[in-house]
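Protein chains: 2
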Amino acid sequence: MTTGIGTTTAQLVDTHRPTLDRALEAIAGREFWTPHPEHPKAYGEGAAEQGKAAFDALCGSRFELPGQPVSGEWVATEVSPYGPELGISYPRMDEGAVDALLPVMRGGLPAWRKAGAEVRAAVCLEILARISARTPEFAQAVMHTSGQAFMMAFQAGGPHAQDRGMEAVAYAYAEQVRTPARVSWEKPQGKRDPLRVTKEFTPAGRGVALLIGCNTFPTWNGFPGFFASLATGNAVLVKPHPRAVLPLALTVRIAREVLAEAGFDADLVALAAEAEGDGIAKDLAVRPEIRVIDYTGGSAFGEWLESHARQARVHTEKAGVNTVVIDSTDDYQGMLANLAFSLSLYSGQMCTTPQNLLIPAAGITTESGPRGYDEVVADLAAAVDKLLGDDARANALLGALVNEQVRARLEAAPSLGEVALASRTVQNPEFPDATVRTPAIVKLDATEPESEGAYQDECFGPVSFAVAVGSTEDALELLRNTLRSKGAMTVAGYTTSSEVARQLEEVCFDEPAQLSLNLTGGVYVNQTAAFSDFHGSGGNPAANCTLCDGDFVSGRFRVVEVRRMAED
Amino acid sequence: MTTGIGTTTAQLVDTHRPTLDRALEAIAGREFWTPHPEHPKAYGEGAAEQGKAAFDALCGSRFELPGQPVSGEWVATEVSPYGPELGISYPRMDEGAVDALLPVMRGGLPAWRKAGAEVRAAVCLEILARISARTPEFAQAVMHTSGQAFMMAFQAGGPHAQDRGMEAVAYAYAEQVRTPARVSWEKPQGKRDPLRVTKEFTPAGRGVALLIGCNTFPTWNGFPGFFASLATGNAVLVKPHPRAVLPLALTVRIAREVLAEAGFDADLVALAAEAEGDGIAKDLAVRPEIRVIDYTGGSAFGEWLESHARQARVHTEKAGVNTVVIDSTDDYQGMLANLAFSLSLYSGQMCTTPQNLLIPAAGITTESGPRGYDEVVADLAAAVDKLLGDDARANALLGALVNEQVRARLEAAPSLGEVALASRTVQNPEFPDATVRTPAIVKLDATEPESEGAYQDECFGPVSFAVAVGSTEDALELLRNTLRSKGAMTVAGYTTSSEVARQLEEVCFDEPAQLSLNLTGGVYVNQTAAFSDFHGSGGNPAANCTLCDGDFVSGRFRVVEVRRMAED
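Sequence lines, in order, name chains L and S. Read in full-length UniProt numbering, the first sequence has 95 at position 95, and its numbers run on one by one without any break. Read in full-length UniProt numbering, the second sequence has 540 at position 540, and its numbers run on one by one without any break.
Calculated from the structure, these hints are not laboratory results. In this text the structure is predicted, and so the values were computed from the model without any measurement. One should not assume that every hint holds.
Copies of the same chain are indistinguishable here, so a pair counts whether it falls within one copy or spans any two.
[What the hints assert, rightly or not] Only pairs whose alpha carbons sit at most 27 Å apart, straight line, appear in this in silico DSS-like list of lysine-lysine:
#: 1; residue 1: K41; residue 2: K52
#: 2; residue 1: K41; residue 2: K187
#: 3; residue 1: K191; residue 2: K41
#: 4; residue 1: K386; residue 2: K191
All chains should be built: construct the whole structure from the sequences, respecting the hints.
See below:
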């Protein structure tokens with residue numbers, strides 16, 4: 001699927017146009033589709049080993065970005081959550097390098113603009129194809145920066161992230177071709193000659209876009225903004241999280257290669273690496289050249305960006321308080337198993353992991369009769385225990401804690417309330433230095449004022465709260481207040497009552513949030529599929545955008561109209 | 001085209017679906033189209049007189065809004081720029097009334113959401129049809145609040161504004177139906193059964209939208225945001241400019257009638273009138289219930305909104321410095337006449353009126369040889385004089401100055417530089433109290449530092465600056481800096497050089513601005529046509545949106561997804 005050196009843009013369009021068309025169909029139809037295989041086997045024999053070897057070769061070396069203006073200093077900031085320091089040095093971005101880099105990045109814009117939406121889409125799809133071909137290497141890079149277990153790093157960091165990137169390319173293309181390139185406008189004037197004007201419409205990128213990456217999902221959360229900005233005619237400056245540089249550095253290098261081969265300026269994409277504590281995102285974000293920002297991370301900085309980077313269109317995914325309303329079920333074991341998996345996957349370090357489980361104090365009804373609040377919580381704890389009872393399986397699901405802050409929060413959890421499920425340390429035989437912990441469940445009572453402080457804020461990591469509420473109505477009210485004040489990336493509900501389901505929907509319509517109802521089996525509240533599911537609603541405080549929709553791309557370019565009197 | 005009392009929503013859809021389809025075609029094709037006739041004659045015999053009579057009947061009376069929660073106080077704030085006080089009293093909005101009103105407005109949202117995009121569009125088109133039927137009355141209302149001359153108030157305040165409103169309805173509808181309402185998602189799982197999920201996608205409005213109207217174009221600048229918000233499922237609180245309440249108050253009353261007749265809550269649309277100086281927009285804008293804001297007005301408050309109303313999606317049209325680059329022409333008289341008209345229309349009180357005319361100090365080339373800077377400026381002054389030489393014609397073009405600030409700026413203009421064209425007072429025999437002034441042209445030298453202070457800020461009203469620049473290259477550089485630092489709603493250029501035209505385009509691509517090249521005859525830089533031209537680019541400091549495009553509507557609603565395991 002990739003194309004060789006010296007490729008013309010026409011060849012790139014020939015190669016990728018069918019994929020673009022299929023992706024356009026997918027975002028409109030929203031049925032299942034992916035061009036990126038999920039299973040490692042699909043990448044060929046020996047691919048996993050080659051990926052590992054490529055990753056190992058990068059470790060302990062300098063990551064060169066030939067041609068990019070740099071400061072001359074190097075920084076190595078990555079330590080695998082599995083133990084080893086990566087020892088990869090990146091060019092450190094400082095103010096002087098930024099001053100040199102931004103004009104150079106802008107210099108590539110006119111040719112990139114002239115290329116048009118279709119060529120830009122084809123170049124983006126070529127970048128994605130080359131990333132896809134190196135999925136096993138990306139899997140290692142994501143695993144050893146995020147702490148995701150191998151299979152998750154492979155899938156979420158590889159094909160699923162690539163899907164999200166391609167989805168953004170498709171939305172970007174669709175949005176840019178809504179307006180024709182050229183039109184003859186003719187207004188009747190009664191008996192006089194009509195007014196005749198020739199109008200040309202050109203999608204023009206805003207300038208330089210800044211991508212501020214996150215630690216936990218550098219590619220999955222980074223690709224949508226990266227490709228949406230590039231495909232709409234912007235240059236993209238990538239500022240990765242200092243502990244998750246490699247996946248985005250690889251992306252930048254591949255993008256620079258493809259751009260140069262296709263005859264564009266490689267500096268349309270550049271890397272801004274920093275030492276931990278440099279805080280360059282804050283300086284970059286308010287530079288006048290930066291016109292688009294994509295950010296995933298904590299709420300405080302996200303809100304700062306929204307208020308201060310007024311010269312840019314700012315897209316943020318921040319923190320929320322994901323909530324599950326448990327009213328009743330006709331598949332009790334299915335519900336418990338499903339929730340246990342969602343609480344455990346990647347040690348609850350997903351922005352979509354449920355945090356607050358709202359359960360009526362009087363208990364719930366199930367297909368085999370009523371279950372009290374204490375029983376439900378104990379049964380859920382048992383389901384988690386069962387899921388993670390085998391250490392090999394536990395390691396494969398949990399991955400490693402991404403940083404000390406998560407561990408500290410987990411260790412502080414017992415102080416918040418009665419522990420229904422204690423966290424357990426799991427040994428990882430392959431990586432003995434990894435911090436692997438099973439999730440904790442803490443019982444709280446919604447009617448006790450001191451509980452509020454615990455469950456009303458995000459507690460990122462493997463801690464969830466089984467919150468006893470007076471009734472399902474109270475749960476709905478608490479959900480509404482949570483969505484309004486804190487937001488949520490995900491909401492789930494379990495109920496056999498169509499009326500309760502309807503009320504849940506109403507709350508999620510009123511304070512826009514994405515709702516999963518009665519999930520059992522292999523579909524989980526914390527997972528969304530590109531081309532079909534929206535990731536977040538963009539309508540509550542957890543995020544101001546969704547990955548991905550028309551709104552996610554429409555502010556990244558402007559349509560510039562040039563009017564001329566029509567030639568006679 | 002309007003539909004009677006007791007109409008079902010199905011009837012509304014039947015009535016208006018063909019118009020919606022045609023409007024959807026128009027925004028995609030961008031050729032000339034309007035369903036709203038421009039000529040007063042099209043509204044039937046006696047329509048103008050009936051409109052005048054309806055307006056006269058409103059003057060001096062209370063404007064009732066049956067059913068809307070109000071404070072009990074009344075305010076009358078409108079004085080026609082043509083002299084007479086309107087004496088129309090509106091319910092004054094105060095904090096208590098807001099506290100009562102906002103929950104009531106939210107109360108209508110669920111049914112409005114459930115109605116779906118098509119019914120909402122049909123209701124909006126019915127509102128527009130009733131507004132259209134009362135165009136002569138709106139013409140009077142716009143004329144006697146904005147100071148526009150009658151024909152302009154009729155056309156820009158009537159059919160052209162209605163076009164813009166319908167365009168917004170079409171964009172809103174198109175955006176909401178990009179995602180199907182329901183889809184079956186089926187993911188293959190190798191030899192196991194596929195995962196099957198039913199997904200429902202519901203466009204959900206954000207909540208209550210706030211429209212902050214302006215004095216000069218209450219309907220033209222107000223309708224796009226009003227209809228975009230309503231059509232995407234929001235309630236709309238209309239806060240008109242205290243000196244231009246009536247056009248939007250009529251809109252609110254008509255909308256409330258149509259909503260109620262169609263079975264929706266009339267309070268989905270409400271009026272917030274205030275006494276001059278109440279400043280309620282600032283309080284309303286940061287209310288948590290307000291999720292969308294549309295604003296037209298000065299830059300200072302627009303920027304305040306963008307920074308502070310973080311809970312809302314904020315659309316602003318602020319001030320810019322519109323610029324014309326005059327390099328050369330092969331139709332000198334055509335250029336002069338075209339510019340003279342644009343400088344004169346509505347006394348230069350359009351956000352699209354050219355302000356800075358950049359002319360090389362060494363002069364320009366024309367089809368009949370070179371013309372020096374002084375000659376070009378003198379010839380332009382003469383063209384304006386000629387255009388406005390006849391008082392009747394002058395009155396028909398100029399209208400009246402909208403307020404004292406505009407008059408003060410005009411009177412201060414001679415202090416800024418050498419006056420090339422002095423403003424002249426025109427008597428309006430019909431309205432002797434109207435302040436009617438012809439435009440002034442002031443000569444400035446771009447190389448003199450004191451000139452910069454004059455031409456680098458917006459000087460709203462009938463003052464333009466003939467700025468002598470070193471060369472066309474200097475003009476392009478000045479244009480670039482102006483666009484970057486101040487922005488512009490419009491840029492125009494006159495050149496016979498394809499290279500200069502190309503450079504002008506590049507500047508307008510780099511710092512997104514809408515460009516008109518070599519306009520002569522009846523097409524003017526300060527006029528845009530709905531369904532074809534974009535109003536502003538949304539990509540420079542003059543405005544953060546364009547009226548209207550996909551981006552103008554995409555943030556006004558969120559798509560809420562509800563996922564369920566598929567039934568077997």
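Status of each hint after checking the structure:
no.: 1; hint: K41 with K52; verdict: within (15 Å within a copy, 78 Å between copies)
no.: 2; hint: K41 with K187; verdict: between (61 Å within a copy, 18 Å between copies)
no.: 3; hint: K191 with K41; verdict: between (73 Å within a copy, 15 Å between copies)
no.: 4; hint: K386 with K191; verdict: between (85 Å within a copy, 25 Å between copies)
In this structure, none of the earlier numbered hints is contradicted; all agree with it.
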